[in-house]
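Colleague: As a plain string of letters, each chain reads:
2 protein chains.
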Amino acid sequence: MINFTVGPVQMDKETRNLGKNQIPYFRTPEFSALMKENEKLLCNFFDAPEESRTVFMTGSGTASMEASVMNFFTPQDKVLVVNGGSFGHRLVELCQIFEVPFEEIKLDYGMSLTSEILSKYEAKGFTGFLLQLCETSTGVKYDMQLVGDFCKRNNCLLFVDAISGFLADEFSMKKYNVNIAITGSQKALSLPPSLSFIIMDKNAQEKCCSHKVKSMYFDLQDYLKNGERGQTPFTPAVGSLIQLNDKLKRIQKNGGIKSENQKYAQRAAYFRSKIIEEKLPFKNFINEKDCSNCVTALVHNNSSFNVYKIFETLKDEYNMWICPNGGDLKEKVFRVGHIGTISKKEIDKLIKAFKSLQKRGLL
Amino acid sequence: MINFTVGPVQMDKETRNLGKNQIPYFRTPEFSALMKENEKLLCNFFDAPEESRTVFMTGSGTASMEASVMNFFTPQDKVLVVNGGSFGHRLVELCQIFEVPFEEIKLDYGMSLTSEILSKYEAKGFTGFLLQLCETSTGVKYDMQLVGDFCKRNNCLLFVDAISGFLADEFSMKKYNVNIAITGSQKALSLPPSLSFIIMDKNAQEKCCSHKVKSMYFDLQDYLKNGERGQTPFTPAVGSLIQLNDKLKRIQKNGGIKSENQKYAQRAAYFRSKIIEEKLPFKNFINEKDCSNCVTALVHNNSSFNVYKIFETLKDEYNMWICPNGGDLKEKVFRVGHIGTISKKEIDKLIKAFKSLQKRGLL
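Sequences listed follow chains A and B, in order. Every letter in the first sequence is one number past the one before it in this note's numbering, and letter 308, counting from 1, is 308. Every letter in the second sequence is one number past the one before it in this note's numbering, and letter 263, counting from 1, is 1263.
Read the hints as simulated data drawn from the structure, not as lab findings. Treat the hints with care, since some could be wrong.
Listed next, with one range per pair, are the computed distances between beta-carbon atoms [said to hold, decoys possible]:
(1) Arg1229/B to Ile276/A: 36 to 44 angstroms
(2) Asp1328/B to Lys202/A: 31 to 39 angstroms
(3) Lys1013/B to Lys13/A: 38 to 46 angstroms
(4) Phe1305/B to Lys249/A: 38 to 46 angstroms
(5) Lys1225/B to Glu99/A: 21 to 29 angstroms
(6) Pro29/A to Leu1146/B: 56 to 64 angstroms
(7) Glu228/A to Asn1319/B: 22 to 30 angstroms
(8) Lys1225/B to Gln266/A: 37 to 45 angstroms
(9) Lys120/A to Gln1022/B: 45 to 53 angstroms
(10) Glu50/A to Asp1012/B: 40 to 48 angstroms
(11) Glu1206/B to Glu14/A: 42 to 50 angstroms
Pairs of lysine to any residue residues, derived as SDA-like cross-links and limited to a Cα-Cα distance of at most 20 angstroms, are as follows [unchecked claim]:
(12) Lys1020/B to Lys212/A
(13) Lys212/A to Val1213/B
(14) Lys330/A to Thr1028/B
Only part of the chain B face toward chain A is listed, based on derived beta-carbon distances under 7 angstroms [claimed, not checked]:
(15) Thr1005
(16) Gly1059
(17) Pro1193
(18) Ser1194
Heads up, the beta-carbon is just placed ideally off N, CA and C, and yes, glycines get one too.
The whole structure should be built from the sequences, with the hints applied where relevant.
Modeller: Printed below as a string of structure tokens:
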């Protein structure tokens, strides 16, 4: 099977080979040293300010979203949440659960956040801002300069869910005044799913340490404290953390974050150009200028065509997974992921499969 | 390195080989079928009553402990918690966090729960009972018949943390009137750490569905609902779930739970007999009749000897990990785990290493 979903994605040979090793006992100085290195490299790759810290959560991206909402925001806050798809909606639900007062910027599926929209919220006493870097359900990448400037002017603690965008899209905590950013193991880092990471600057650490949360597993104060000695409060996904260490060091060796961003930009551009070149009956679901490099969301030119069937036929007859959408978009939009270890040859195979479906009258 | 800790433990060849495979996309009928099979096999191995369900949590054992306390108990309950070590203490802390009214049966480290102790709590209106099957910090296995009978008489919802005891020690939800039992992937199942499992009977499901928890990641109602179609609400540790499926099917094929229990009983007995046979200067930290098969906790005959040094020397000079204790017991007690893929030859090597330390005057 060739995997064009947005996670879990295809791992490279080095990561896969590590997957068959025995997993070491981890309450040792050796593992602590590896974890300190992981922390340093992740802080570097997020371009996090001095004294930033990384917390390693064993759990899906949602675990880190939940931990962030409960640790960095309180019922004394008033936050702004961008809801432009299913992941933005999840942030809204988390604010509801933890009784964080919020206003929601509800965007139609696939729409971007503009300065016009944002201007209405200027100087309204917001203390926090939560959004995705890339809203994975539609592929929209938000304008981080716009958001970062707003947060600086309005003195908002800025949380960015960069789960799918990290490595694929240009990002910098320093440049965009981001206080907290998260990502997951099974996205562009191309590791097994099981881990998510929370990178936080000094302000975020202080906010988190200023109140006690009603959770043991999501108590980030405890993670920060254990992290000082390179440990986690509970048994983490040790094997994946070793794969992470190997992967981060290879990224650094191969040109770092810049070279990763370029790779994904080229890959996304190649796929999108092929769709046009081969006259496939698809068009971008969103405006080209808003497209993240991590995924392309497509609709059929014939809007009544049920695109979920394309996912099923490719899976059952072509040994390929593209990424279906859930909810309202299930039959209207499908996605092709660009993260993970994907060769040009594999993209060509997908294009060929689309052409084959077209010839068979199935497109 | 040979690994005699209590987790992560040594994986077998089949599990390790699966670790190098690509990880499939999981929102498919194929993965749902595998998950339904996982659920059925785990329910079988826990000897769970009809209509029981299993929830798959991506997170450490503590994640499932926390999810259980918040989903199965409420501030309207009055529960009894056995605190005989660091894991029992964790249950106490969770009851405090989630404001579940409790009384604590505080046992000295290494002590067992007797009918005499328990008789004081008879007919006192308790609605729940929480304890470990095996208190991993000391190796004490509690008397489940005693506890199960108490819970039946007193109509208590019984939660058993069988994280380290499952497969190693005899256990049955039916026989011992257990409503909820949990375990983790990196214990006797010998899979990578990242997953824990919650098995619950019909009563526990009803209790859990009778109130809404303040969490998204630990909302077991959501897991139960998604589980009906063989899915999880959030991206799980897909790779480990595939390894779980393979492992459970192999356990079933090789004689099931009975044969697993026997294997661990023999292994523990062999190690313990060798300690005596070779006149090593150790004795059991706990009474023999209370010993779990999953781990042996040992103290030095000379009570002022710092046993943490044994852990360090074996790690640095003999390429072996035994399991140190934390907290108060750090320098007094060390543990040798019996779970995971450990051969007789490897146990002999450990005994030989102890003999070597003895010869060198380091024991």
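Colleague: Now tell me, hint by hint, if it's right for this structure.
Modeller: Checked hints:
Checking the proposed 36 to 44 angstroms range against arginine 1229/B and isoleucine 276/A shows it holds: the Cβ atoms sit about 37 angstroms from each other. A hinted range of 31 to 39 angstroms holds for the C-beta pair aspartate 1328/B and lysine 202/A, which are about 35 angstroms apart. Range check, lysine 1013/B to lysine 13/A: about 20 angstroms between beta-carbon atoms, so the 38 to 46 angstroms window is missed. Judged by the Cβ atoms, the range 38 to 46 angstroms given for phenylalanine 1305/B and lysine 249/A holds: they are separated by roughly 41 angstroms.
Restraint check, lysine 1225/B to glutamate 99/A: a C-beta distance of roughly 24 angstroms satisfies the suggested window 21 to 29 angstroms. At about 42 angstroms, the CB distance of proline 29/A to leucine 1146/B disagrees with the hint of 56 to 64 angstroms. For glutamate 228/A and asparagine 1319/B, the Cβ-Cβ distance of about 28 angstroms falls inside the hinted range of 22 to 30 angstroms, so the restraint holds. At roughly 41 angstroms, the beta carbons of lysine 1225/B and glutamine 266/A sit within the given window of 37 to 45 angstroms.
For lysine 120/A and glutamine 1022/B, the hinted distance range of 45 to 53 angstroms is satisfied, since their beta carbons lie about 46 angstroms from each other. Range check, glutamate 50/A to aspartate 1012/B: about 46 angstroms between beta-carbon atoms, so the 40 to 48 angstroms window is met. About 48 angstroms separates the C-beta atoms of glutamate 1206/B and glutamate 14/A, a value consistent with the hinted range of 42 to 50 angstroms. Under the criterion of a C-alpha separation no larger than 20 angstroms, the hint pairing lysine 1020/B with lysine 212/A is inconsistent with the structure, at around 40 angstroms.
Our distance criterion of 20 angstroms between C-alpha atoms is met by lysine 212/A and valine 1213/B, whose separation comes to about 18 angstroms. For a cut-off of 20 angstroms, the pair hint linking lysine 330/A to threonine 1028/B stands: about 14 angstroms separates their Cα positions. With 7 angstroms as the threshold, the beta carbon of threonine 1005/B comes within range of chain A, its nearest partner Cβ sitting at about 5 angstroms, so the hint holds. A cut of 7 angstroms between beta carbons decides the hint on glycine 1059/B: the least distance to chain A is about 5 angstroms, and the hint holds.
A distance limit of 7 angstroms between C-beta atoms decides the matter here; for proline 1193/B the minimum to chain A is near 5 angstroms, and the interface restraint holds. At its closest, the beta carbon of serine 1194/B sits 4 angstroms from a beta carbon of chain A; the interface hint therefore holds under the 7 angstroms criterion.
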